[in-house]
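This is what each chain is made of:
Protein chains: 2
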Amino acid sequence: MNIVNKDRRMTKQRQVILERLREVKTHPTADEVYAMVKEDLPKISLGTVYRNLDILAELGLIQKLEMAGQPKRFDGNPHPHLHGKCIACERVVDLGPDFDFGLDKKINGFKVLDYKLEIIGLCSRCQEKENKLK
Amino acid sequence: MNIVNKDRRMTKQRQVILERLREVKTHPTADEVYAMVKEDLPKISLGTVYRNLDILAELGLIQKLEMAGQPKRFDGNPHPHLHGKCIACERVVDLGPDFDFGLDKKINGFKVLDYKLEIIGLCSRCQEKENKLK
DNA sequence: AATGATAATAGTAATAGTTATCAATAAGAG
DNA sequence: CTCTTATTGATAACTATTACTATTATCATT
Chain A
4 MNIVNKDRRM TKQRQVILER LREVKTHPTA DEVYAMVKED LPKISLGTVY RNLDILAELG
64 LIQKLEMAGQ PKRFDGNPHP HLHGKCIACE RVVDLGPDFD FGLDKKINGF KVLDYKLEII
124 GLCSRCQEKE NKLK
Chain B
4 MNIVNKDRRM TKQRQVILER LREVKTHPTA DEVYAMVKED LPKISLGTVY RNLDILAELG
64 LIQKLEMAGQ PKRFDGNPHP HLHGKCIACE RVVDLGPDFD FGLDKKINGF KVLDYKLEII
124 GLCSRCQEKE NKLK
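Line by line, the protein sequences give chains A and B.
4 is the number of the first residue of the first sequence in the numbering used here; add one for each residue after it.
4 is the number of the first residue of the second sequence in the numbering used here; add one for each residue after it.
Just so you know, these hints were derived from the structure itself, not from any lab.
Fair warning: there could be bad hints in the mix.
Identical chains share a label here; the pair holds if one copy fits it or two copies do between them.
Here are the computed lysine-lysine pairs in the DSBU-like style, where the Cα-Cα straight-line distance is at most 30 Å [as the list claims (entries may be wrong)]:
#1 Lys114 x Lys135
#2 Lys137 x Lys41
#3 Lys109 x Lys132
#4 Lys15 x Lys67
#5 Lys114 x Lys132
#6 Lys108 x Lys119
#7 Lys119 x Lys109
#8 Lys15 x Lys75
#9 Lys108 x Lys137
#10 Lys114 x Lys28
#11 Lys108 x Lys46
#12 Lys28 x Lys119
#13 Lys41 x Lys15
#14 Lys135 x Lys28
#15 Lys114 x Lys75
Throw the hints in and build the complete structure from the sequences for me.
Below you can see the structure in the form of structure tokens.
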């Protein structure tokens with residue numbers, strides 16, 4: 004594993020968290036990751052999960068999604084892409100490549116360095132359900 | 004006051020919270036609103052502030068800003084507009100009218116009903132400071 | 001393979017922000 | 001003025017997350 008350097012060690016816990024997160028296309032919360040990983044490592048502690056999710060995000064191996072007013076979610080795919088939050092089923096789904104919002108430009112004198120775009124709506128699955136009810 | 008209806012009463016507390024929030028161009032947190040309002044109503048409780056901020060937002064008289072990973076902030080201006088979060092001074096500043104992102108369209112089958120755009124960068128004040136240091 | 005420095009762990013306490021509970025109070029319709 | 005009940009202050013509870021600490025495990029160096 005190439006994430007090992009003088010400051011970081013690859014522990015079993017860190018490895019399993021990363022593997023598990025990569026296997027899955029949902030965007031689990033720390034609690035959900037905890038539940039998933041406990042299947043392999045029943046003795047792992049929740050603090051360890053939080054710590055490692057932060058470290059893995061810091062290393063750029065995963066993504067930390069901070070949705071407004073909700074628990075953070077984690078994405079095994081580290082490449083930036085757009086996320087949609089379904090108001091019906093509460094799932095967070097991938098919507099493909101992010102917009103090129105354009106960084107380093109200015110809006111009203113404010114220098115844009117980064118941005119977070121959160122799409123809220125209905126996933127295709129819930130739209131179908133909605134249509135059947137009519 | 005026209006906010007009064009069969010379910011809502013205009014209490015002194017609610018009134019002061021609204022007035023105070025309207026006077027100010029910052030985007031205070033619930034705690035900060037609490038401090039501001041206590042000047043007029045020393046006996047008000049924090050719970051009352053939270054409750055009324057929610058109700059006022061629900062009535063469309065103010066805006067609740069849910070920034071990713073930070074305490075909620077409140078805006079006395081209920082009209083949608085873009086906000087920028089300065090990474091240097093931590094202030095939230097108004098950036099003028101929001102983009103017309105386009106609602107009810109679909110992205111990859113996902114029906115867009117709403118969205119939240121959060122700009123992160125440097126406010127003009129902090130850019131000046133930065134330039135002086137060079 | 002054994003050693004040693006120290007990163008990481010499990011378990012738990014602590015914190016921040018927010019929401020819920022409830023008896024007492026007060027808005028405002030009649 | 002009276003009555004209904006929304007609202008309040010005070011406080012407990014709750015959720016998500018971070019901090020603390022003695023013990024354990026990784027891994028570079030022997």
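Going back to the hint list, which numbers does this structure go against?
2, 11
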